[in-house]
Structures are given as C-alpha cells and as structure tokens.
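> Below, each chain spelled out in residue letters.
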Amino acid sequence: MLYIKCPYCGLRSQNEFAYGGDGTVKRPTLNKEVSDKEWDNFVYNRKSPRGKHVELWHHISGCRQWIKVQRDTVTHEIFKTVSADKEI
Amino acid sequence: MSQTYRLNNSGQINRDKKISFKFNGKKYFGYEGDTLASALLANGVHLVGRSFKYHRPRGFFGAGVDEPYAIVQMVRNNETEPNVRATEQELFEGLEAKSVNCWPSVNFDIGAINNFFNKFLPAGFYYKTFMWPKSFWYRIYEPFIRKAAGFGVASTKYDSERYEHKYEYCDLLIAGSGPAGLSGAYAAAKNGANVILAEEKPRFGGSLLTSEVNIGNQSGKDWAEKIIAELKGMPNVTVKNRSQVFGYYDHNMLVMSEKVSDHLPRSKKFSPKQRLWYIRAKEVLISSGSIERPIVFGNNDTPGVVLASAAKEYLKVYGVLVGKKPLVFTNNDSAYETAIEFKKNGIDPIILDSRNAPKSEIIEEAKNLGIQIKFSYVVVAANGYKKVKSAQIAQISPDKKNLGKIEKINCDCICVSGFWTPTIHLSSQSGNKTKFDEKIDAFVPGKSKQNETTVGSANGIFNLEETISSSFEKGYQLSKKITNNDNKVSTPQVSEKKFTNHDKFWCVPLPDKKNLKRFLDFQNDVTVSDIELALREGYRSIEHVKRYTTLGMATDQGKTSNLNGLQLVSDVENKVVPSVGHTTFRPPYTPVSIGAIVGREIGKHSKPTRKSPIHSWHEKNNAVFVDAGMWLRPRYYKKGSEGLFEASKREAANVRKNVGVCDVTTLGKIDIKGPDAAELLNRVYTNAWLKLPVGKARYGVMLREDGIVMDDGTTTRISENHYHMTTTTAQAANVLSHLEYYLQLVWPELNVNVVSTTEQWAGAAIAGPKSRSLLQKLFPDKDLSNEGLPFMGYTEGDLFGVPARIFRISFSGELAYELNVQSDFGNFMWEKIIELGNEFEIQPYGTEALSTLRIEMGHVAGSELDGRTTPYDNGLDGLISKKKDFIGKRSLNREAFIAKSRQKVVGVVPLDKKTSIPEGSHLVKDASAKLPNPKLGHISASCWSVEYNNPFSLAIMKDGKNMIGKKLYALSPLKNKSIPVEIVSSHYVDPKGERVRS
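Chains as they are written, first to last, in this note's numbering: chain D, 32 to 119; chain Z, 853 to 1850.
None of these hints come from the bench; they were simulated from the model.
Positions of the beta carbon are idealized from the N, C-alpha and C atoms, including for glycine.
Be a bit skeptical, because a hint or two may be false.
Simulated pairs of lysine-lysine, PhoX-like, Cα-Cα distance not exceeding 20 angstroms [claimed, not checked]: (1) K57(D) - K1238(Z); (2) K111(D) - K68(D); (3) K111(D) - K1177(Z); (4) K1239(Z) - K63(D); (5) K1741(Z) - K63(D); (6) K1365(Z) - K1287(Z); (7) K68(D) - K1134(Z); (8) K1301(Z) - K83(D); (9) K1219(Z) - K1177(Z); (10) K1260(Z) - K1241(Z); (11) K63(D) - K1365(Z); (12) K1634(Z) - K1684(Z); (13) K111(D) - K1634(Z); (14) K1356(Z) - K1427(Z); (15) K1238(Z) - K1219(Z); (16) K36(D) - K1134(Z); (17) K1369(Z) - K1239(Z); (18) K1736(Z) - K63(D).
Stretches of chain Z that chain D covers, calculated by requiring three or more beta carbons in the stretch to come under 8 angstroms of a beta carbon on chain D [stated by the list, open to error]: (19) 1099-1108; (20) 1349-1360.
Chain Z on its own, in the form it takes in the complex (with noise of 0.2 angstroms):
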C-alpha cells in the first residue's frame, strides 16, 4: 500500500531504511524511525480501535504518553503483549499489532450497538444495574463485565523475556530532555555534578524538535543535538533515552524505567528487554514539559479529532500528514503553528479560534502566508462516524454561552487546542502541593517538599526564553549546593515569538434541541453528561465524581481528560477549579510491565535456595525434598515404587527397631559466650540456668513478652562462658534478632556476644536403640556407656581426624545423639555414619518420618507452639520457673491464661483404629449438631503410629487434661469426613521416657 499521507521530504525518520510491519493482518511499510501510529497514519490508516462502553471507531489523537486510544495488541517474538501505545511503539522490521476492544473486526464491532442504548450506560451504571439477583453475578453479570473490559488480552505463557533491576546513586536526576531539561542538565554537568538525563522519547529535545525558535544562533533543534552529544561526551553525565522516571517516592528515590529491546525485533543477546532503575538522587530537576489538553465540543471522539501539537509533531519528526483539509480549531497561538506547518507543506489549513480578533506576531505571519481564520468561531461537532468528513461550526458569543447559525465545513480532520497542562505527577508525588495558576488555568508545582525543583512548562512557565535561562540558573544552583563548585556557564540567546494570552474557554456549548455525545475522557468514555449526572446525584468529591464515572481511570490515568473535568465540576457546582482540587496523582506516570517491577526475581530466584551440604548425597539416594522455609530438606527416601506414606513408615518403624540416621543442618544455631551468657539463658527462656554445669545441655523454652511461646530447643554449655544454642528450623532468624533486642536495648549491661552459626555447622541425629553402639564405632576411644556420656550429656571427639561435638539429646523418644562438625565436613560425617551403621541397619530418615517420631511421643513442635499457645497449653508446666523472672512471665498470670477451661493438647485416636484424621479436623461432641457445631478443639497433627500401627493424631483442645477417655468426632468439612474418635494422653509412646535415658 502506498504511503499516500507521507509527505516527500520532511521529518526526522530514515527514508533509506523501509520497515514492513503487519497490523490487524495486513502489511504495510513505513520507516526506520516512525512509531507504528506515525507508520500506520502515512498509510491513511484512522481506525485502530473501538471505544470501551459504546465501542465507537477509535483513532489516534496525540503522539506520545499522553494517547487515549491507540492501544494495541503487540505480537513481538512470539510473545503477545496488551496495552502498548501504537504512538510509543518504535516500529522495526516485522512488528505485528491488532487492535483491541473490537468483535469480529475493528471494521465491524457487534458491541458498537452499545452506542444506540446509551440510555443504559450512563455514569455508575455497573453500580447500578449489576446489583441484584445475587445468583446472576457470577453467571451472567461477570463473565460479560470480563468480556467488555480491560484492553487486550495478558498472555498466559511463561514470559521468557528478561529484566533487571539497577540502583543508581547521582547528584542531580533530571526528568526530561526538553530545553528546560538540556540547560538544567548542561549547566550542572559542566559545574562537575553527577548527573543523569532521562527522556521517556527515543529522540532527545522535547519540544525543541517541532518549534521554530533559534537558540545561540541556530535552530532549536541544532542546538539540543549538540548540548546532547556534549552531554554524552562527559564522564560525570548518564545519559538514557526510552526511559520513563514514572515514580517519585520518599527520601529522593525515584524509579525509571528503561525500555531496552521493545523497539527491537527482539532482544540483544546478554541484554534484558527493560530495566527498571531505582535512583536516590540528592536533587531532582524536573523537566516533565506539558501536554496539550483538547476543547471539548460534540462527537469529539471521531478519528481525524487530534490534539494540534500531535498534528505538527506527525508533520515534523514523521513526515506524516493527519489530513489533507485540516481544520485547526484553537483557544491559543500556539496551534498556530500546526497550521503554519501544514501551509508550508502545501496544505491549506483553516483556523477556527474561539477569541475576538487577537493580536501576536504569529497570527500577523498566518495571516501574511494567506491562512485563513475565523475569529469567534467553534467546532459544534464533528461529522462522520468512521473519520471526520465534515464539521459543524458556528459563530460563539463573547460570553461562551450562545451560538450563532450552524454552518457546515467540509474537512478530513479537526487539529484541536486548548491550551496547555503542565505535567505535574512527578512534583505532586513527591509530595509538593500543587497550587492553581489562574494565569493558564492549570494546577502547577506549588513549595518543595523533597529535594525538587521544578522548570520549564511542567512549572507553567510557557516562555523558551525565560524556561532556559531559569533552568540554566537553577542547573547551577543545584551542583553549587552539591559540588561547592563555582563554574558558571553563560545562557545562549534565545529568539522566538511571542504568544499572546489564551482564551479560557474549554467547552462548546450544545446548539439548541441537541443532544450530542461530548467527551471529557477518551479511553473509558466518560461524557459531560455522565459528570453532570454524578453531580445531580449528589456526588461532591473530586475522588468521588472520578470513581463513580471512571473519569481520568483509565490506563491513560486522564493526561487530557483530568483538567478539563475539573472544569465541568466546578462549572456545574459554580466553583472555582482550586476549590474543587484535582484527584491524587499516584505513580507509576505511565503503565509499567509486571516483568519489569519483578525484575530477576521470577522463579527459583524469587528467593534464595539453602541446602544442606548433605544436599547431594539425598539427592543420589532418592530423597523427595520439601520446602523448610528456605531450606529444602528430604522429606523421605523413595524405595521402590514407595509413596510418602509407606516410605515415612519405614523409616519411622526403623528408628523404633534399629537406628536411623536425619539431616539437622537446618535447625538454626546460635553461639552464645561471654561471662553473662548463663544470665541472659536465664532471663530468655523460662526454666533455670544458672546451675547448668559445663558439658551439659537442656531444653528450653522461651515467650513474647505476651505469655506466648515463641521457640523451643536445647541449649548446651560448652565451655565455662560458651553456649550453643539451637532454635527451630523457622524461628532461627526471629530468635537472633530477638537475643540482641534484649542485649542491645533492654539489658545492655549483660556481657554477651551472639552470633549465628546455623550454617558454620552440619548436623546429624542418630537415633534408635542401637543408635549407642554405632557412635562407640565412630568414635572407638570414648566413653560412650550411659555414664559415660548420660542424657543431655555433650562431649567433643574425634571423627577419623574431624573434631566432633557430640550431643545426646532426643526428639524423637529414642536413645538418639546428635553430632556437629563444620559443615565442609558434613558430608564426611554422613558417609561415615551410614558406612558404619550398615551392619546396624542404618536407614536415612526424613522430615515426615521425624514427625511422626515425635508426634507419637507427645512431643510439642511448630505446630502445637502455633503462636498461640502458652507453655500451660502444651503441657510445659514443669519448665516454668516460680523462683525466677524471665520474658514473658507477667503475661502468663493472665486471667484468660490461667483459666480452668484452658486448652491443653491431647492425644486422639480414632475408634476403627484405621482412618487418618486430616490435619485441622474439629473436635466436636455430636457429629449431626446444627452449624455452627461447637467447636472444642482442632487436630494439630497427625501420623501413623509406627509403635501400635494405629493412625495418631495430637490435638489442642479446651478443658483438654479432663476429656481423656473421652469419645468425641473429628469433623472435616473440607475431606468430608466424620470420625468417632477417642481422646488420649499425648504421650502415646513411653509415656515414662525411659528409652532416652537408657
């Protein structure tokens, strides 16, 4: 297809490099150097979407960020991707792109009917209407919400892209490469600051691209591609271009996103496709520039209605014409040069401009250049449904309020201004607030909260002249604070021409007996009518009016809707706008990709993977792994054709007959010394420390300051002023950081170190009667007899030329040890176990048969001590002290704490002896009660009593201690199951603990 609104020789893109890309099927061509809407526009291509509600033909109205409709699906290396701007989007070769919101065809969309019962889709309508019946929410009301909503389609693929994440420290981030950000940045740099220059465009300049100015003797144009390339040049500047700063956050931290490859085919090989940088910048210069905001008049949505800058930036940089008898319909000169661009081209423009004959050098060169203008004139309403044809005009009143005889004007396009909105996102998120500039009608950067300073048009500040030599100032100012130095560059002359005021007009009233559609916001379809009717409905609220009508909601976020809004409220409840307030602006400025906000943390590498350095000897041995917090440990070794079940049991039935061998490197370790150490054991955990002789561990268990058990463990005295100390596998962290609260906030005085040596050592339980007779083979020269080495006894030995520490202690109800050695030896120490223990019939064991070793044996674990549960709940009463204070103590007094009907944990086993109890059962009395059944208890644990062969279960119940022997039911409404059970000690097996004294 020929380009047939390409014009021969202008613009900025490449004409020796021509790109074929695909949209909605079709092939085209465009340039190196085109956005796929300047591509698709040169093709005559108006039609790229339909509207959200009334699914109305949808073309393209600005050129940059600021797009309402041109959102598009993008296909780009077999990845699909929605909520691409096509006015953003770099064309390369081989782009495919549809659009979205449109069934069967963006030609031919069957939800366009929408647009004939807009009776039905007024304001609030979902609110409205999808109330009642309850029953069709999820039938009928979601499922078609679904299908209406949202712009384009998520892929469902794992995203094989990759993105990174980047912290970057400078002296001065400066936001946008405009002339306010060129001078603010040329001016810090050569005074030595650090500093970084972002532009969210791929080409540097802002509006310098597309305004005929001079600066220091060449065009503005000339003069921003030498200060950048200069810029480039030195060692203290980054420069990025396609790189958005979209959020502004405490303490000067503000986040940018790079887009690396999305203007490539696909990305460079060891490049990532985006890069979101987190910057802490002492100063930020923002340099954020305006946008253009459109006048609103009837059937403002038709495609060929575009905002005037766009039209000249299509004219410049692109070379494309948005119509060949444009109609340019302006409250301000600056539209003037859109029509003046078009002319020079061999358009003919015609300029529509809503004030009483104004008076500026640029209106004086229309009118030399033979433009023709009518003054006090406006666009009614635009013709055409597909693309504008004609347009309605008529004369305007000086008061705004009544039109004269409607005319009709044929055109292909109507290139709309009025007036311009300072982009003030990054300012207000920083938290500066805004105040109103009556002068051009908009919100502007008001006192800094944060180190912000805020130039050029982003500061209502419309003047080139005055915008560079501000931002030259303040570029200087800025690196003086930061750098202490004094190098001052002189400001380039500046010759542009002058703009008279603006007219403060923004809606065109409707001619008599009319009722036309006129939009406020583009993308979600937000109408005059539908803010006017939140306001008779008693809507006051900016925030409010902007919820309930969606104004300003879309992923555009309102860039050319918000102001014009405000406007209507205040008119409407006869206001002035600064009384009404405009809504929050919250970041991200533009829609940020989730791959990019996750960066590399996707996957294994969402958080880090521990392994014990026993790791690859289960591995080798068929260890099934579970996740322990971050630690993967083995949960069981497969034989066979074993599931967990059968496995677990082995296991299990081993260690009760022989000896089994488990890794418990995981568990965490704390080395405790100084000559207070005894002291804090004291003060930490609740029973008695202080007489705990050298050689020696104990079991303790420590509170919150609430009475709640925190964590359990043994804790050995290694040396006269040495402790080890062990925590669960989960705690190990809270535990540590809870020891040096104490030491470092509330007890200073205490001369205690402690530090974590969870991974300096690798552990390994043996247990099982002939767990003794294996350790005297591992350590032939020792003492190993029960007096020798008695229960809760710690010795250190040598394994075969490693230094061990021996400890005997047990969870698992057997006579069991426990050996330590650094872990670079804890392989060794494995395979020497399981070499030595064959002729003892050694089996390796995992968590699950570890759990049922301790369940069985009543011992309390993670979870019994849930969080909460006092000591008195898990039968721990013995090992509270009543001669000593310790963490948590006063809490325990607690009159909930010490009531008679406090839960305790019980054994519980069902009465057929063979159905498993799932984990969080209820406990209940009559299994037929109408809900809610009264709950007395829940099974915390469960397992498959190796000792009598029986299921087995641990609960935590109320009254607990008098309700053994009692026969209840467990309920699982969610396994559907109803279990007579009986409730038993929660010592099932050695209720005595003889086996781990023997």
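Isolated chain D, as found in the complex (with noise of 0.2 angstroms):
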C-alpha cells in the first residue's frame, strides 16, 4: 500500500485517496475550436510510461483535494506531490 504525503495533511495511506488518472493532461479551453485528433488525445488517449510519472490522486477520505504525485511506475517510489494548482 502505497504511502501518499498530502501537501494538506501530510502522509497518508493509499486507503485514503481515489486514483484520478494521468496528471499531465490539459483540457483544451472552453469555447475553442478544436480538432477531432486533439480532442481525441484529451479525452482518450493515455500513455503508459515506464518509470517516472505524474498522475493525480483525490484525497477523497480526507482533505479531499485533488494533488498531483510524481510516482515512478516501476518502483512505486513517489518522488514529490503538489497540490493541484502546482505543476510538477
């Protein structure tokens, strides 16, 4: 079980947050014309890195903010996490 340092609450067990996806992902703004291809990698489109990783978790049984983790996908060793207005 993972072991999650909340940029709120500090370190906590994976029990406690919601997997959220990739954290590298943009929406495209609101109101923007935008091509299929675009929107297609946005909605769908995901890599699968080996190794480092930016990913998002909610804290849902907690604080519940949205943080970003930089988590290496091999290892599981999670090198920094910032609060979602951050970037990594």
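Quick one: dock chain against chain with the hints and give me the complex.
Laid out in structure tokens, this is it:
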C-alpha cells in the first residue's frame, strides 16, 4: 500500500485516496475550436510510461483535495507531491 | 498409550501439565509446550498423512513452517479447519486432528494404487490427459480431480470466530527473534527507537533454543531469555510471539498475522482468534533465519526421514526422539550437533558424511564421544514403507558420480542435512534483487530497494559471532538514523565451535539399473525424473518448469525443495544456478486464513448501511426494503397478503388518483456557493444556467467529457450566490468528485465552493392531484397557488416551527412537491405529512411505485442513463445548448453519436396487453430467426402502467424514432419468453406534460 504525502494533511495511506489518472493531461479551453485529433487525445489517448510519471490522486477520505503525485510506475517510489494548482 | 519416544528430563516442555488430545480418533497424551507433531512423535506416531499424487505414506519432515508433510484437519471448538501444520499447532487440552488425503484411512489408502501406476502420472499429467473428449470434463475429470486434490476440507459453516485488523506504525520492525533479531532489537531499543519484534513461534530465541553456544558468559538460551525479558519491560518495544510477518508491500508496509487464540481450546472472551497487523515501519530488519535443505536420495519421502535440525529441535525443545537407531546423513558440520545430542541422551547414531575426511572442532568432538562416522558415504535409498527400517548406503567417488557397493544398514530414522538456505522471502518481496552466493550455494539479498536490511543467516552469515556483532551494529545505526540518538550498547562476547566448509553436493546418483523415486517437492510429489522430463519436453524458464511440474507450488511454497530444484535444472541444462534464477517470491510466506484477511468486514459490517432519518417509521409501517447502493430504501409498504406487484400497483395508482409521499432523502445533495456558482453550473450542465432567477429550479443533465450522460437532477437557486444541486442516489459521490476536479484542477479561477449536504437534509416527495391541498394544510399561511408557487418554483416555509424548503418539482409526472427539512426533523415532517394527508387518502409509496410512475411518463433514469447513452439517445435534445460550451459538448459531434440510425429511448407495449416484458429482453424482427438473431434494441425498464392497466416498458433501440408503430418481438431466452410487441412513444402518459403544470 502506497504512502502518499498529501500537501495538506501529510503522509497518509493509499486507502484514503482515489486514483485520478494521468496528471499531465490539459483540458482544451472552453469555446475554442478543437480538431478531432486533439479532442481524441484529450479524452481517450493516454501514455503508460515506464518510470517517472505525474498522476492525479483525490484525497477522498481526507481533505477532498485533488493532488499531483510524481511516482515511478516501476518501483512505486514517490518523488514529489504538490497541490492541484502547482506544476511538477 | 505410553510416550516411548519421550526422554525423561530434557526439553523445554512443562512436564507437570499433561494434556490429552485425539488424532484420527485415538486418544494420546502430551505435555504443555508440545506441538501436535512433537506429541505424536513422543507417542511413536510417524504416519500422519498420505502424499498428494501417489498417496504414499508421509510422516514428519521438519519442526516448523517448512513442514511439507504433516498437514492435518483440525477440530477446535466445534469448528473444522484444513491446512494446519502439525509442527506449528501447539497442543491444548481436547485438541482433535485427523489426517488428510487418505481414504478410507491413513493406514490403508486406496489411492496408494497410484504409486504403482506412477508411469501414468508424470509431470504435466493433468495437462496431457484430461484434454479430451470435452464432454468428459464436467462428468468425470473434474469430479475426480476435485476429490483427489487439496489438503483437507473447508468448513461450509459460518465462521463464528472473530478476526481483527490492527494498524501500527513503528521506527523499526524486526522479523524473527533469533540471535540476529534479538541483537538488532536490543541495540535499537536501547537507542530509543520504537521497535516491534515479531516471532513466528511461541518461544523466542530461534536457533539459540537448540544450539550449544555461549553469549556473554551464559548459554545462548539464557541470554535470549534475558534479552527478551528486558525488551518486554521497555515502553518503546512491542514483542509479539506467534506472529508471522508474511508480506512486504510497497512503501515499507508489512503485514503480520498474529495467532492470538489458535493455541487455546477456545478464544477468550473479547479476544479474536487471529489478528492481522498492517505495520508501516520506517526501517525493517529482516532476521528471518534459514531453513535446512535436504539431500535428495531414493525413497527420501519415507516416514522417518527428517531434517537433522528438526531432529535436534525435537530433542532439545520437546525431549522427543525421532528414532532410537538414527542415521545422520550430511554434507556439512551442523548435523554433527544432532548426532552429539543423540549421543548425550544415550542413543548411538551413525554419521554418513559425503565429505572426504573434513576437519573441524565439532567433528573432533563427535569422534571423541565415540560416534561412528563414515566419510565419503551416502544414503542411496531408505527402505521401509510406512516407516524407515533400514537404509542402503554406499561409498561415493570424489566427483560424486559413482557409487561403491551397496550396503544395508539398520536404522529407524535418517536425519538429513544438505546445508542451509537463507529465508529471503521478505527481502525479495520488498523488491530487493537477490544474488547467488557461491560460498553457500544459495541466494542472499542484494541491494536494498526499500528501507530494509537483512542480517544473520537470512543474509547468508552462519557464524554466530559475526551475526551478533553485525546485528548490534545495524540495530544501532538504523535507530540512530531515525531517532538521532547516539546511545551505543556494547556487544557481548560470543564463543562457539567453528565449522569447516560444507560439500556442494545435493543429490545422490541412482545405483545401476535401479529406478528409485527421488523426491524434490514432498508435498506435491515432484520427483527428480519429473523435472528431467519437463526439461526434455522443452521447458526452459524456471517459472514454466515450476508450473508444469508444480514444483514449489504446494502450501509450503517449496521451502525445502526450491533450491534443490534449481540445482537440478542447472545440472541438466549445464548452466550455473544464478543464470537459471529463482521463481518470484510472493506473499504470503505462510498460509493465512481467509478469516484473518477479511477481519471484521463480514456480513453487514462489510460496508456501512445508510438509513434515512425516517427509517424507523418505514419499519413500523411494514416497509419491505431494497438496497440502493449503501442505502436501505422502502421498496413497497406491504398491506395484508400483498406482494411486490399488488402493493406497488396500489401505491402508484393512489398517486395518480389522490396523493402519495415518498422518502427521497437518499438523493444526492450538493450545496454550491460563490459568485461564480452560476458559471460553474453553466459549464457542468448541458443547458443554460446564467439566467435562472432566485427562487427557481431547473432540470439539468451533465455529461462526461466523452459525451455520455453522467447524471441528471434539479438545481435550485436559493439566493443570489447559493444553489442547491440534487443528484441521483447512485452518482452522488461521483458528481461531487467531478465538481471538485473541475474547480480545483481545470478552472481554479472560479470562485465557488461545493460541499455534500446529502445527509444534512431529509426529503419527502408529495405527488398526486391532491398534493397542493395537502401542502396548503402543511403551510396554511403561504400562497401555494399555481401563481404563488408555479412549476419549478422554490420557496421556504415554516412547518409547525421547523424551517422547510419547498420545491415544486416532479418525478412522477403528477402535480408534485418536494419538502426538505434538517435531518433531525425528518421524521417529524413525515409524520405531519401522513397525519394531515389522511383526509386526502395519502399513502406512502416505495421505489417500485416510484419507478412505475416515471417509466409510464417516459422519464429516463439509471436504466437508460447507463453509462453508454448520449443525451440524444435519451430524447434530451432540447436540453443541449447550442450557444455555450460545456463539459463533453465537443464529443457530441462524433460521427457515431450523430448517425441517423442512432439508438433512441422508445416505449414498448405487448400486443396482448397482458404479458409483462422481462427487463433485458432483446427486440427482434423475427422471433424464429436463426441465431444470432439481429438485435434491434433492449428493454431497459418495465412496469405495469397504472394509468392504462397494462404492461409498459422502455427500450433503447436503433433508429428508435422511426420504429414507432412497428410490430416486433421481445425475446428473453433467460425466461424463455417471446412476446409480440408494438413500439410506441416513450411518453405513454400525459405526453404534453400538462399535469405537472396544473
């Protein structure tokens, strides 16, 4: 079970969090013309990188904040966690 | 029966307390401190089971977790439990156990005939044999395999025992209380670290319990006792026996199973049977020791062949002789301790040592004691069927390939030692890449991946002095790293006998023209020839060889067999062991009972039950409940002998005719506040929200980014910057997460706060033509006329002193209102509604009537918004704003979503107006067409229309709009039904929606 450092609550066990997918995806801005390909990439296409990856976790049984977690997908090592408004 | 194999005074058992127990129905005696195994051996019982495949007689091989044979079915406190190792089970008064894998009895087992047909049971036998004909599988092969497979029988009864989970945090977790664990724990504890010391056995001390060493001028055993007593008295130390750390997971999370009550006749009051500990440790010290491995020879599974270390443990801990004419067969010095122990107790052993004239202190001691030693000698085979009677021995050539003349030697047990295998399971599970240590012919931990350190013989160190000094040092260093304290205790003086090198020899060659079974895996009956066959058949990867032959796949997970298996593969393949590699170590290290894993999360405790504040009223009024997620909701209120069908029809009809009330507390409610609240709603919902006035509600649909409908509900503007959103019961949590996601990550510039208020408000829906009259009685001072509170209007009122929110919204298609009060007043509100509603013939209605009312109105709900449909599919086109952007809008342009033949929600009526259509039925053109019959759509929801008094269903069907008026068939192969139907509009009742506005 992962041990995730919530930027608000500190180190908490994984069972307090919900996984939220790829943290590098950016939603196209509203009211902007978007090509089919661009939209498909946003909605469906995800990379599954081996190694360092930024992902979202939701501290659902805690402070209810979405956070960004940089994790190694092979070793599960967590390098950094930041609040949703920050970039890794 | 007398204990003829019990010594008079040695051992660490309590001879003052006699314990009686039963094995296979026969009564025996043992002492407090015995295991079932030691007590049976004391009574001369060597035959405890039959082997898995050949049903050969099996006895005891080890004295602990590594035991491959002695697996018994336990009866304790009227519960039966399979897969219990007799070597681990402590004796208690009244214990009952029996053999497994034998029929009709362990002494005479019909399955033993397999032993003579062994040519037909080679490696991969099941894969090769049970392939054809297909029809044989269910009738013959599977029942046969089921009967033959497994060890023991699982109970089918409800387990009345209690199991617990515990979460714990510590600086240093130490797995194993042998010399390494004790040293590490002591040094770390003295330096102020919070320490948990776990020992799988009842006694602390590990190898110190049976070795002849001296630590700090005391015997090893006395030193261990002193250290443990001191540790137990320290407030920063938790010492646990009968506790197996069985799994090493990510981020230094380890799981330990504590057998709290298994050694007692029954669990004490308020005490669990077992407790699972989830331990998050800053550092882990693995001192799990090592397990002796056997040398492989002919018929090496005969009862009476035991590990030399086990024989020594039975002698020193339990005062039990595994035999009175022992043969000790070894390739190293450690088995000499066993021989010397026999000698000290008046038994004359004979040592066969595969080495050619080795020299060491302990060999000298054995010689001086007058023990007969034969160097360059090996055991070729054990003789005897149910017990060793003699052994065939021979001299072996220096290259270990040729045997001399076979000699016969009388003996009643063979104590075998093929050197020691470090127990690296936990290290390997932590992600540590193990490496092969040529010096000891075994794998040891390599570079640490997590915060773990392995010490002692688990790290391949078999020298006590080095073990103790390095463990003291590690304990000190790790605790210093965590606590920053610098309090170092001195390391005690150690004296021990120095051993010489072992012989890298693990398998005795077959004598000429003899075909003896030589077992590698004793529990799964895997022999040397099975592995050789698998290799001849082309299996190369050790992982494949394992699965094909089942080597190491039994409940002991190959603790005594894996390394010899690797040696064999490397010999045959002419490779070195490290390049063959070992199979992956996975948790659990030893079997863990399902009960312990589940813990307290059983039955109703497996998830919370959510009840509305009106629940007890429903109970008192004969509600029949249904699970709605975690909620319990009234499905219908039973009157007299009514069933679901009659009751729901009555309740729904009363709504259409008079007035009904439904508990809608379970609907998700989200409070939304902030100057940008309207903008958020405008982006989340598909329709326009910026112009919704205060005091008005609006129906909205929200999509996922892929254009699929996520949820629907009404949102009401309570005041300028304050909205009240409702969601479906099922999606409440997801919608809140969804809003939080967009507010925190995508549009953090929006100044809005959202919070769940589902449980803060109790809700009641009042529906029916008489609902306004009732509402007026509830709020006599308010103008509730169609003008005063129009459709989709909102107002607040005073319900006999309780502040209430009044929404004019409808899910039933009738004139309807929804009242919300603070949860604490929910029951008060409900009782007032019922009390004042009596004169309007009010009846409560449940979820079944609720569904009926919405289905015949054609209102879509969860069965249509099933995560696969777009708003267009559901006829919600009018709610899609053309002017603004919203979540998921871009996806609605996808080709497939706007295709002409796209599915639509339609109504379906059976032509006979009598036959109800099962939900899930397929709509087809031709009922008797050949399979696969092309499917045009499926029935999503069915009801009995109370308006027209005939069945009515909703369906999602291809090109639905153009199918209205078509006559088709609804097929339900599950219910064996084929029903002629007509497709109609989904808005079956009041298609213009006049009633809700009346």
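> A separate judgement is required for each hint: does it hold in the structure or not?
Consistency of the hints with the structure:
no.	hint	result
1	K57(D) - K1238(Z)	72 angstroms, violated
2	K111(D) - K68(D)	32 angstroms, violated
3	K111(D) - K1177(Z)	65 angstroms, violated
4	K1239(Z) - K63(D)	85 angstroms, violated
5	K1741(Z) - K63(D)	12 angstroms, holds
6	K1365(Z) - K1287(Z)	39 angstroms, violated
7	K68(D) - K1134(Z)	47 angstroms, violated
8	K1301(Z) - K83(D)	16 angstroms, holds
9	K1219(Z) - K1177(Z)	18 angstroms, holds
10	K1260(Z) - K1241(Z)	10 angstroms, holds
11	K63(D) - K1365(Z)	85 angstroms, violated
12	K1634(Z) - K1684(Z)	17 angstroms, holds
13	K111(D) - K1634(Z)	58 angstroms, violated
14	K1356(Z) - K1427(Z)	15 angstroms, holds
15	K1238(Z) - K1219(Z)	33 angstroms, violated
16	K36(D) - K1134(Z)	15 angstroms, holds
17	K1369(Z) - K1239(Z)	16 angstroms, holds
18	K1736(Z) - K63(D)	11 angstroms, holds
19	1099-1108	holds (count 5)
20	1349-1360	violated (count 0)
Of the hints listed earlier, those the structure fails to meet are numbers 1, 2, 3, 4, 6, 7, 11, 13, 15, 20, in rising order.
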